[in-house]
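All chains, please: the whole structure from these sequences, using the hints.
These protein sequences, in sequence, are chains A and B.
Under our numbering, the first residue of the first sequence carries the number 11, and numbering increases by one thereafter.
Under our numbering, the first residue of the second sequence carries the number 4, and numbering increases by one thereafter.
It is worth saying that the hints were derived from the structure and are not from the lab.
Being a predicted model, the structure only gives us computed values, none of them experimental.
Heads up, the beta-carbon is just placed ideally off N, CA and C, and yes, glycines get one too.
It is possible that part of the hints are untrue.
[What the hints assert, rightly or not] Per label pair, the in silico range of CB-to-CB distance:
no., chain 1, residue 1, chain 2, residue 2, range
1, B, Glu182, A, Glu115, 30 to 40 Å
2, A, Arg47, B, Asp123, 17 to 27 Å
3, B, Gly69, A, Val32, 28 to 38 Å
4, B, Gly188, A, Phe57, 44 to 54 Å
5, B, Ser65, A, Arg114, 24 to 34 Å
6, B, Arg237, A, Ser256, 35 to 45 Å
7, A, Phe57, B, His133, 49 to 59 Å
8, A, Phe100, B, Arg141, 31 to 41 Å
9, B, Gln20, A, Val32, 42 to 52 Å
[To be verified] Quick look at which bits of chain A chain B covers, simulated, 3 or more residues with Cβ under 8 Å:
no., region
10, 119-131
11, 216-229
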Amino acid sequence: MRTELGGVVAALGAGGVQRGRVSFLRHVAAMAWKDLRVELRSREILFNMAFFAAMMVVLFSFAFLKEGRDGEVVAVAEIAPGFLWVAVLFSATLGMARAFDREREADTMRGLLLSPAPRTALFLGKAVSLFVLMAMVEAVVVPLVWFFFAAPLFAEPLPMAVLVLLATAGVAVIGSVFAAMLMRTRARDILLPVVLYPILVPLFIAAIKGTSGLLGGQTEQAWFWIRFLLVYDAAFVVAALWTFESLVIE
Amino acid sequence: MIDAVVIRGLTKRFGTQRVLAGVDLELRAGRLCALLGPNGAGKSTLLGILSTLVRPTAGEVSFRAGDRALGGGGELRRIIGVLAHDSFLYGGLTAVENLLFYARLYEVADAEARAEALLDEVGLEPEARHRPVRTFSRGMVQRVALARALLHDPRVLLLDEPLTGLDRGGAASLVRTLESAVRRGCVVLVVSHDLEALAGVTTHLAILRRGRLQHEGHSAAGFSYQELKELYHRHAD
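Following this line, the structure appears as structure tokens:
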């Protein structure tokens, strides 16, 4: 069966490259904008994600303590990267399940698939909106980790920003694929983390190792993990675009 | 322009359950085909296959324009309009926002004017157009869903129980819309149990039972309510 990705490639190769790209990006933008508009109006996903992530950081900061230089009790900064990414990943799982649940109400996913918009564009639009929501949550969580764990997360702002963006993009893309795949299953809330987390283990390790490297002043190590994330994300974006259509058609 | 939708040997199984068993049917432009049958006859599955969302197990559907059959993918989906059981509308968006969103997906020119014109046509009051769809009654949702299905001026209209929730005025308006689509040369397929509403406008009748086509008939003048009722009871019950 000819996939949508194949169709997009063929259309681009046929001569209408510029028009094809613009149309594709318009569809991605329309999809992402629709999702964000619905969310910013209700704020049910964003608030829940942000509150959950913030609570995790605060609780962890009080759970793992050590004696500081002056004898006072402080949170363990060395483990901050782990908690940062656990909080991001767990809160993202909440968001992605709900984001795709919305497409079940009134069977809007079917409405989307009936449109001539490339299905890959619809998928990317969903992933982009999830990425934006996660980035908003990270805008709350990163400063909280910096504050509660006294972790110097802003010491190397550029590699830190690249690392956060790549890890977030990876979670958004892979999470969107699995959330779409499980959309019509009954136990999707339970199944999503069960099938998603094993796939995300390499990304999770890279994000933690990269953040640890930045906190420990080992910028070279951080860049290695950033490059790893780049390759990992690229591989999964291609795989996701290739498989999305077959996952959502009956 | 599309001349006909030709269905040959269409079979669909879900696991071990056979839902459609070798259906042959030809839907021609400029005719309204009523697809009737009891619950579980396979009507919605047939619509799902025609709308490209369900893959048949065997058989084929070809959308014919002159001598050529249209390819699949976006080119085909662009000419199909579907009104299903569910509205495909986002409860958190207003009626206009929903239509504008779908208009972007279908790349409809002058989308705002088109959306307003369609909402006029389906009879949604202007003051309701900027309210979230979740606050609408079932009938209002159905009107917006119909506008969504017509938004891109489809050449093939597939409607599954389109009269659900509509009051008399809404039903009459829907029938007028269908008549207009038929006059414009569209292929129109309607699944409904409301034989009274379909009377007079139905020129092609197909009755499905247990996945098989039990009866097919044509009437240039349109089937009357009595004829529809009698044929339904004879072939579907």
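Evaluated hints:
no.: 1; hint: B:Glu182 - A:Glu115: 30 to 40 Å; verdict: 32 Å, holds
no.: 2; hint: A:Arg47 - B:Asp123: 17 to 27 Å; verdict: 24 Å, holds
no.: 3; hint: B:Gly69 - A:Val32: 28 to 38 Å; verdict: 31 Å, holds
no.: 4; hint: B:Gly188 - A:Phe57: 44 to 54 Å; verdict: 51 Å, holds
no.: 5; hint: B:Ser65 - A:Arg114: 24 to 34 Å; verdict: 32 Å, holds
no.: 6; hint: B:Arg237 - A:Ser256: 35 to 45 Å; verdict: 42 Å, holds
no.: 7; hint: A:Phe57 - B:His133: 49 to 59 Å; verdict: 25 Å, violated
no.: 8; hint: A:Phe100 - B:Arg141: 31 to 41 Å; verdict: 38 Å, holds
no.: 9; hint: B:Gln20 - A:Val32: 42 to 52 Å; verdict: 45 Å, holds
no.: 10; hint: 119-131; verdict: holds (count 9)
no.: 11; hint: 216-229; verdict: violated (count 0)
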